[in-house]
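**Student:** Sequence:
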Amino acid sequence: MSDDNPTLPYPAADSEHPTLALPRETDAVAGSPRRRRWPWVVLIVVVVLALLAVAGELLARSVLPGVVRSIVVEKLDLPADQQLDVDADGVLLPQLIGGTLDSLHLSSDSVTLQGVTGAVDVTATGVPLRGGDLGGVTGAVSIDQSQFADLLAGADLPIDSVTLEAPNATVAGTVPVLGVAVPLTLTVTPFIVDGDLDLTPESLTVGGVSLDADQVRATLGSLGERLTQPQRICLADRLPAGVTLTSVKISGTRAVVDVAVDGAILSDAALQEKGVCPRN
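Take any residue in the sequence shown, note its place counting from 1, add 11, and you have its number in our numbering.
For the record, the hints were derived by calculation from the structure and aren't laboratory data. Check before you lean on any hint, since a few could be wrong.
Below are the SDA-like pairs computed for lysine to any residue, each with C-alpha atoms no more than 20 angstroms apart in a straight line [said to hold, decoys possible]:
#1 260 to 244
#2 285 to 165
#3 260 to 245
#4 86 to 97
#5 260 to 179
#6 260 to 206
#7 285 to 270
#8 260 to 176
#9 86 to 125
#10 260 to 166
#11 260 to 247
#12 260 to 204
Have a look at the derived ranges for each label pair, beta carbon to beta carbon [as the list claims (entries may be wrong)]:
#13 225 to 116: 47 to 57 angstroms
#14 236 to 164: 16 to 26 angstroms
#15 82 to 184: 39 to 49 angstroms
#16 280 to 191: 47 to 57 angstroms
#17 96 to 178: 27 to 37 angstroms
#18 257 to 220: 33 to 43 angstroms
#19 147 to 285: 14 to 24 angstroms
#20 78 to 123: 16 to 26 angstroms
#21 141 to 248: 30 to 40 angstroms
#22 114 to 213: 33 to 43 angstroms
#23 275 to 92: 23 to 33 angstroms
#24 192 to 269: 35 to 45 angstroms
Ideal placement from N, C-alpha and C gives every residue a C-beta, glycine not left out.
The task is simple: from the sequences and hints, build the whole structure.
**Tutor:** This is the structure in structure tokens:
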């Protein structure tokens with residue numbers, strides 16, 4: 012070629028004219044909408060599963076009390092409209108799947124069992140849903156003065172009325188002295204001893220006069236001897252054999268009796284029958 016048309020050299024690469032690299036296929040794929048979408052899909056699935064779990068838990072908590080109440084009313088032969096509150100501890104779904112409730116709480120302001128009416132508060136643990144024994148049951152029964160008086164029917168005491176005033180109970184009645192009916196009041200402290208109700212005398216008045224143990228024995232003879240000794244009342248024949256009294260205390264004007272229940276009472280018919288007092 013002639014010098015009239017010289018060939019110009021390519022310009023040297025510099026910072027003002029950088030060489031641009033073509034995008035790689037892998038980079039384009041990594042930034043694609045499909046790849047960016049999957050965290051949202053996982054999040055939605057997690058939220059849906061959480062909502063289902065919450066809904067299942069709420070459903071279980073709404074259904075379980077009614078089921079338990081129906082079973083208790085049927086087993087104890089209670090009135091169909093018996094007021095009974097039921098509550099379960101912990102998260103229910105895993106317990107229902109496992110077949111055992113950790114803890115079940117039942118309470119009623121007024122329920123009649125074995126002829127005794129009172130407020131009941133019971134907690135059962137290890138409650139089997141497919142049959143078997145309970146892990147354990149403890150509870151308390153709160154009764155008023157009239158119901159407590161019924162429990163004392165087996166005592167060798169002249170009882171016309173009973174007044175509860177913490178921590179004692181006062182029994183009022185009459186005793187014959189020289190052919191005359193003389194008013195008597197005996198204040199006792201109740202205890203539970205080997206499942207029996209024990210009444211320990213604290214004070215006694217005859218005809219409005221406070222007497223000590225020796226004076227009572229001298230005045231009333233054999234009756235005075237009995238009045239000054241602890242009274243032991245067996246209540247086993249009024250309770251299911253699987254129920255044991257553990258303690259009693261006077262709270263205000265009510266007596267609160269703590270009980271323990273044999274966990275096998277659901278499966279052992281003998282424990283559901285009334286107990287027997289030694290003297291019977």
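**Student:** Each hint needs a verdict: does it hold in this structure or not?
**Tutor:** Against the structure, the hints:
no.	hint	in the structure
1	260 to 244	16 angstroms, holds
2	285 to 165	16 angstroms, holds
3	260 to 245	17 angstroms, holds
4	86 to 97	15 angstroms, holds
5	260 to 179	8 angstroms, holds
6	260 to 206	14 angstroms, holds
7	285 to 270	15 angstroms, holds
8	260 to 176	10 angstroms, holds
9	86 to 125	13 angstroms, holds
10	260 to 166	18 angstroms, holds
11	260 to 247	19 angstroms, holds
12	260 to 204	13 angstroms, holds
13	225 to 116: 47 to 57 angstroms	51 angstroms, holds
14	236 to 164: 16 to 26 angstroms	21 angstroms, holds
15	82 to 184: 39 to 49 angstroms	43 angstroms, holds
16	280 to 191: 47 to 57 angstroms	53 angstroms, holds
17	96 to 178: 27 to 37 angstroms	29 angstroms, holds
18	257 to 220: 33 to 43 angstroms	38 angstroms, holds
19	147 to 285: 14 to 24 angstroms	22 angstroms, holds
20	78 to 123: 16 to 26 angstroms	23 angstroms, holds
21	141 to 248: 30 to 40 angstroms	34 angstroms, holds
22	114 to 213: 33 to 43 angstroms	39 angstroms, holds
23	275 to 92: 23 to 33 angstroms	30 angstroms, holds
24	192 to 269: 35 to 45 angstroms	38 angstroms, holds
This entry satisfies every hint, going by the numbered hints stated previously.
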